[in-house]
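If you want the building blocks of each chain, they are given just below.
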Amino acid sequence: MGVSRRMGDLLLGLLTTLLRAAFTDPKKPELTVRQQSILAQIPRTLDTALKKFHLETQITTYAVCPSCHSIYPPVIDTESDNPQYPQKCTNLPFPDSEICGTKLLDSDDRSKPLKTFVYHSFHDFLAGLLARPDLEQAMDNACDVRMTSIRNGDVSPAYVADIFEGEYVSTFEGPEPGHLFIDRPGTEGRYLFALNFDFFTTERKTIRGADASCGIISAACVNLPLNIRYKPENMYIAIVPGPEHPSLTELNHYVRPLVDDMSVSWERGVKYSQTANYPEGRETRSAVACGVCDLPGGRQFSATANFNSHHYCTRCHCYHVETRGRTDTDSPDWRPKDPVDQRQKAEAWRDAPSRAEQERLFTDHGLRWSPLWILPYWDPARMLVVDTMHCLFEGLAQYHFREVLKLTKTEAEAAEEVSAAFIFEFSIPTDNDIIAQRLEASDIKEIIKIHQLLVAVVEGANNAEVSTNLQKFTKRLEGKHLKPLQFVSKSLQLQIDSVGKRITKCQYAEALVAWVSSCPF
Amino acid sequence: MDRIHEVIRDTATPSWVESVPRNFGDPAAGSLKADEWRTMATIYLPIALISLWGEGTTHTSPDLASSFRQVLDHTMDLVQAVYLAGTCTTTESRTSAYRDYIISWLSKLRILHPTSNYRTNFHMALHVADFLCLFGPVRSWWCFPFERLIGQLQRLPSNSKFG
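Chains as they are written, first to last, in the working numbering: chain A, 1 to 521; chain B, 1 to 163.
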């Protein structure tokens, strides 16, 4: 229905009132016992209703350090049942720095953290998907269909219509070496997810520019068919609180809980006591198939160097910004980066004793530690995809048509360069002319424009077209001011018969066009 | 520009093709969204530019005609690449054709337009071909659905208070 909690409470209240009004008999003001019990059963708030049907989501509210973004899980106090958080941040932002020490809690209300990060348990989200028989069926089916075709020898189909038919899924080994991930043993469920990370402005884009922005970590299960995969109710969401972006590795704190859940799911598997199609419960394992982000988001998500740095590519060994235009794809520099080597470099960064050392390693290798390395299969060269939407449509196409071909209105109006059909030495107004005819700076500019127009190409395939173009041409000349027209006509010594006392702009223009037509060129 | 506007106005498109602003290029039209760029690049602009610069058009000098023709061919490399990247199914030949078009576009860029700068996106566009091999058609791994989700979150009513 998409109503907020407050609105839900109101609806429940209204329902109770309506029922009470319907039950009330004007002759008998007292309600019967049965009616009273019905009214008593209607929950007062939405929270109670959700609890009754076991529909609450399993969320963990972490306290976030406002300055260094490290997160602290709540400790549930057994006596009061209230979550307790530490008083101060104990994180070391850098290996050799002091403890952060920022206050985490509200000074008035000691149990309330200043900033929170609400983490929706990934296992709970998956349970939600598996609670629907159609989704569970479709998710298992995707694995089975692909596995059957691989067993039948169809390893790389000619037409690839979805991610499951791609090379990655057909080569991605599961936790048991030698077995594909999608080759599910027995009733175990095997699910692949596409992860996305991006920043967005919460208040939508305004002319004043974005002030507050949040990060979002979302995931979609690629086992699902395309038409339902990206429905909002089938997607996992975690919001990274704003209003400022966490910088560099500070984002890692927010990624950590999700990665921990994914890691458990990979190594041990998660057993659900009951799913829609398996009332006795079943084992499941989930894995990240790919990270889908735009360039800046992807680089921060995977804690690799910025896309404008010398380490501009996460996939290959091409190095230095000056080489971004190279097209020699056969060169060894284009081979994908080795995940084992990358993991060692990331771990070296994590274990470096000082900040200076970390910076040195980063300059050399272009990567920092990211919790994604906890996943044994993480391989940014293969899994961190280049987003086509940002790269091709918004990137290359926009760049080509706007910047290279300059297809914009301002450019079209500015670049009205007239190509010359012939060269003619016009006389330019001298100082004497300027004083005598009281010409202003704008008039002189117009004189030069008229000169350009006069030598311009008059296009046209046949006589009729030429004459219409000449008419347009005359109109353009008429649009100029009188004084410049007068000057040009005089300097060309054109004879104009004056009909009345004064010669009009129209006459000047016609005389000039006649002069152009009579030119031998 | 006028020709482009004419093409946008007069082209009959199937209903599943999203419309683009009729005043394309005007500052009032705002910046185009990714999908609008795709439509522009694969439908309207090729029609407009071919009819302006392609076979059978007249120009004042043969030099001008041939330079327009080169720019057009170069543009069509990109158009082909964008089209191939957006297909619903991928094959090995399409992927390698995509790679060839991007390489051809990139290598001619500095020759035809000496003032242009190389960007990281150009390099990454070449890698799109690798990911086409690995993951199949782009619609299962592009950002559109995630961006749409963000759009839905942005439209949620809020009290304009942060946190």
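The set of hints was computed from the structure by calculation and includes no laboratory data. None of these values were measured; they are calculated from a predicted model. Hints should not be assumed to be uniformly reliable.
Among chain B residues calculated to face chain A with C-beta under 7 Å, some are [claimed, not checked]: (1) Thr-39; (2) Ala-41; (3) Tyr-83.
Pair by pair, the computed Cβ-Cβ distance ranges are [claimed, not checked]: (4) His-59/B x Ile-228/A: 49 to 55 Å; (5) His-59/B x Gln-344/A: 38 to 44 Å; (6) Glu-244/A x Gly-56/B: 54 to 60 Å; (7) Ser-97/A x His-113/B: 29 to 35 Å; (8) Thr-58/B x Ser-442/A: 49 to 55 Å; (9) Thr-504/A x Ser-61/B: 52 to 58 Å; (10) Gln-452/A x Thr-115/B: 22 to 28 Å; (11) Lys-231/A x Ser-61/B: 46 to 52 Å; (12) Gln-70/B x Ser-442/A: 52 to 58 Å; (13) His-113/B x Ser-517/A: 53 to 59 Å; (14) Pro-62/B x Gln-495/A: 56 to 62 Å.
Partial pick of chain B residues on the chain A-facing surface, computed with a CB cut under 7 Å [stated by the list, open to error]: (15) Ala-34; (16) Trp-53; (17) Gly-54; (18) Thr-57; (19) Gln-80; (20) Val-82; (21) Ser-107; (22) Thr-120; (23) Val-128; (24) Leu-134; (25) Gly-136; (26) Phe-144.
Ideal Cβ positions, reconstructed from N, Cα and C, are used throughout, including at glycine.
Hint check results:
no. : hint                              : verdict
1   : Thr-39                            : violated, 9 Å
2   : Ala-41                            : holds, 4 Å
3   : Tyr-83                            : violated, 10 Å
4   : His-59/B x Ile-228/A: 49 to 55 Å  : holds, 53 Å
5   : His-59/B x Gln-344/A: 38 to 44 Å  : violated, 60 Å
6   : Glu-244/A x Gly-56/B: 54 to 60 Å  : holds, 57 Å
7   : Ser-97/A x His-113/B: 29 to 35 Å  : violated, 48 Å
8   : Thr-58/B x Ser-442/A: 49 to 55 Å  : violated, 36 Å
9   : Thr-504/A x Ser-61/B: 52 to 58 Å  : violated, 36 Å
10  : Gln-452/A x Thr-115/B: 22 to 28 Å : holds, 24 Å
11  : Lys-231/A x Ser-61/B: 46 to 52 Å  : violated, 57 Å
12  : Gln-70/B x Ser-442/A: 52 to 58 Å  : violated, 39 Å
13  : His-113/B x Ser-517/A: 53 to 59 Å : violated, 38 Å
14  : Pro-62/B x Gln-495/A: 56 to 62 Å  : violated, 39 Å
15  : Ala-34                            : holds, 4 Å
16  : Trp-53                            : violated, 10 Å
17  : Gly-54                            : violated, 15 Å
18  : Thr-57                            : violated, 11 Å
19  : Gln-80                            : violated, 12 Å
20  : Val-82                            : holds, 6 Å
21  : Ser-107                           : holds, 5 Å
22  : Thr-120                           : holds, 4 Å
23  : Val-128                           : holds, 5 Å
24  : Leu-134                           : holds, 4 Å
25  : Gly-136                           : holds, 4 Å
26  : Phe-144                           : holds, 6 Å
In the structure shown, a violation is registered for the earlier hints numbered 1, 3, 5, 7, 8, 9, 11, 12, 13, 14, 16, 17, 18, 19, in ascending order.
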